[in-house]
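There are 2 protein chains.
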Amino acid sequence: MKPLAQQLFARLREAGVDCTFGIPGDFVLPLYAAQSAAGMRTVVCTHEPSVGFAADAYARLKGLGVAMTTFGAGGLNMVNPVAMAYAEHSPVLVISGAPEVGGRHADLRVHHMVKDFDSQRKVFAEVTVATATLDNPGTALTEVDRVLEAVVTQKRPGYIEIPRDMTNVPAAPSTHRPTGHDGEGNPEALAEALREIRALLSQAKHPVLYAGVGVRRNMLMAQAVRLAEAWSLPVVSSVLGKASFPESHPHYVGVFVGKVGSAAAREAIEQADLVLTVGVINSDVNTGFGTFPIPHAKQIIIDERDTLVFHHRYEHVPMTGMVTALAGLGPDAPRPAPAVRKASAAAPAAPVPRADGALTTDGVIAAVREVEQSSYSFLSDIGDAWFVGLELDADVFMAAGYYATMGFAVPGALGAAVAEPARRPFVIVGDGAFQMTGNELATLARLGVDATVLLLNNNNYKMLEVLDQPREYYHLEPWDYVALGQALGAAGERVTTADELRAALARAETAKGPYLIEAMLDPHDDAPIMRQLKQLTAAARAGA
Amino acid sequence: MKPLAQQLFARLREAGVDCTFGIPGDFVLPLYAAQSAAGMRTVVCTHEPSVGFAADAYARLKGLGVAMTTFGAGGLNMVNPVAMAYAEHSPVLVISGAPEVGGRHADLRVHHMVKDFDSQRKVFAEVTVATATLDNPGTALTEVDRVLEAVVTQKRPGYIEIPRDMTNVPAAPSTHRPTGHDGEGNPEALAEALREIRALLSQAKHPVLYAGVGVRRNMLMAQAVRLAEAWSLPVVSSVLGKASFPESHPHYVGVFVGKVGSAAAREAIEQADLVLTVGVINSDVNTGFGTFPIPHAKQIIIDERDTLVFHHRYEHVPMTGMVTALAGLGPDAPRPAPAVRKASAAAPAAPVPRADGALTTDGVIAAVREVEQSSYSFLSDIGDAWFVGLELDADVFMAAGYYATMGFAVPGALGAAVAEPARRPFVIVGDGAFQMTGNELATLARLGVDATVLLLNNNNYKMLEVLDQPREYYHLEPWDYVALGQALGAAGERVTTADELRAALARAETAKGPYLIEAMLDPHDDAPIMRQLKQLTAAARAGA
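Chains A and B supply the protein sequences, listed in that same order. Position in the first sequence (first residue = 1) + 2 = the numbering used here. Position in the second sequence (first residue = 1) + 2 = the numbering used here.
Treat the hints with caution; some may be incorrect.
One copy or two, it doesn't matter: identical chains are merged, so the pair holds either way.
[Said to hold, decoys possible] Dumping the calculated SDA-like pairs for lysine to any residue here, alpha-carbon to alpha-carbon at most 25 Å: (1) Lys4 / Asp137; (2) Lys124 / Gln156; (3) Lys514 / Glu479; (4) Lys64 / Ala424; (5) Lys117 / Asp308; (6) Lys117 / Ala132; (7) Lys117 / Thr135; (8) Lys124 / Met42; (9) Lys536 / Asp28; (10) Lys64 / Arg307; (11) Lys124 / Arg111.
Just so you know, these hints were derived from the structure itself, not from any lab.
Chain A on its own, in the form it takes in the complex:
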């Protein structure tokens, strides 16, 4: 029997993991040493919240990401990013060291401990789909497989705790039997559903594919493209599902955000007589805060587990089988390619420059849309940065589009760069979020990651002011972000006009290592989606 840790890293490698993210600490040191011996790469971040975000971004692209930290001070500092992975269906595995099992007794109080030895696992049980403490060499690998299966099939985080003295014990082989989440479901139900949906799609005059994050989580991107092409469907994506369908594809229309965001996407949904919804997670954000629900009567919903046609449900007809089958079919008579209005954004294509030449959010959007968008991995933080990101046509795009935490984008770029090294990360981040986790720029610099980091600086928690009113406590100190970046090893510059931004973006494109562009924005300037939200709010108040 081989040592537990050695077998664990072999299992992770089989599952497609070629790099973990973490911060070493005493209870996890033997595991780090074993990882090193196993030839597994690791990226050490500066702070545990960043570890979770980096592993999450990696998981979104590769199907599994690993965050490895020490007990207590390490693991418990990662609850927020793991909660986000739960909310947004990202398959992140947390591996934590822990105090030795041998010699534990009720009165013993070791450092890094909270209430008892099980406190940390219980905390993670609230934000994961499966947890295990590997305190038995006979069952440890079976437990690893149980947690891994839950993470990989449910696309949500799991938690494994390894007491320090268990790291290298000889561990019995796994006896885990997969519980049969094979993505195929019930073949008879699938055949029946397929017949009905094929007929409905064939009859529909204006069918639309509404692609959600489930498409990417189940790695169905290629099948979704074939489906759209076979049936000549225009494609709208959900907020969280942005770029689950490649946005450089001619069928792509835009992101649907209810009454805000892309007018073209809204019109496509509005005018559709059949909406084929795949892998969309319903949330308040998804429909522009409930401003535009899609009626059941014209919607087919294909999910991880079931397929729903209008009001009747086919159980155990999950998306992998259904999307693959539909992609292999097509209408009896070939259809012309859909007419797609590509002016997909809420932003004006050519924004009016401000008289004083100052940079506006519209100007930022126009400038970023001029870069070769399909070549980047875009990562947007929340707030205005997210609203800018939603205006782009990206083939890879990540944001905390449902959980809406701040601080994801800069550390997320680490995960994106490691998972898809051929793509240059392009981070869009507000000053508030950058103050939280922007120091991870140093890790990007250490790894020599070529990345563009566009910091939108309005010296404010802008979203909060819009939701409320100007308050002293929404004001952010004007840090010298360019100097900060330089102190961390990243080159950069400050821009105040659209022309300067264009020139900076061109310089960033060929820069070695991370390149920080601090774009100075008027705190009173609004992103296009923000303008729409304000109008809706004002209209609602006037009506009330």
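Assemble the complex: chain A is given as a structure, and chain B must be docked to it using the hints.
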């Protein structure tokens, strides 16, 4: 009936809170507005982990600290500092906003949410002594009082969640009845215990007071001084209890860390025939990782709840009553003041300068010991910074001395500065910890806090290397910390020799705002306690 929030802030003010720490976010905005209307001051930090640490430091000095954040992305990013407050007995109250109660239903998924509306409260239940969700205006204030009482009497964190639509509802008066934790306990048991302890103390030839963190948590610092003076006791403190007894006092000997640390403290414990232990939390760290347990047969242990004499226990004889009573007594015949060897530190008083003039940890300790130590609030982060801190004679000292998380000291200085504005915070922090939360320097600068921040830069997770061996993944990038500080609004300088450090400390003492001193240390140089630990480890290996 007044609005809930208004009554809540009135209760907090009664409990001695004059400032909260937090970051606003949508679900907590009405509570922030109510706080503003109530005239309660708040300090907005840059990142939630810092919020928790700042509130903790404030709580340690004032007896109650408040951390106020939004739901999910805010609250769940604060689990680690709250876990530390639990482990180290710090009375921190977490107040979190939450989604509206009205309109909640099982299928609704709002942003910032994890499994269900109760997930966050359940997470905090694992790291607090009491939690409440204020979803009922009839019981809300009673619940507030229940949680507050638990926090204040048990000196551990509590959690209150306020749904957004409950913030300003008229709330019924509290019907909470205090459960009688009055610190007095059972008067008959107290009288009996007092008689026995008085006789034992009178007979003892070499009694010692061993003061723990409970002395400070129960605000018994003045009584402890009277007790030591009345009975002519030399005073040794525990690791976590450092500076619970003023270290500028002539009776103070040093911090007891088992076989490492202060030789004088070890000898005082060793030679004592009676150790009067007050409020010491037992942990692996406290006795130098078990290197030097104090025998029961010569120990009286006075705790929050009971008093233990050798092997017999007086139940409900808590420290407040016992210490106060003992301080009012004294031996029949007056005793001379104890002979205290003041060379209390493990460090040599006059370190040997290095031939190349480079700065050593011994040199740092000697230089800091030359400042007027009793005038500062010292905050040490963990690792070498902590080992330096343990060598000082401080009247106010804070560190994660049991939970051992990184990142406490810089944000902790915010709490210390607000709680005791007359004292200048003096932060000692390693580069690893500074990379986690050092950006809070910006908040110190914004508030105009005059503080000295001494950053020990050895470009390494030094502790881990000592515990293990040199590894590539323990290496930290050499950031330009002085430039970083300047970008955040803090002046500073880099020093490489002991003389430069002395000059910098003098400049810092009169600087306005935070002043960062980056002390460049050889990564192979060791703190004195670290040298001792290495020797012990080597001896143990040789013996094994």
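Could you tell me which of the hints above the structure violates, numbers in ascending order? 8
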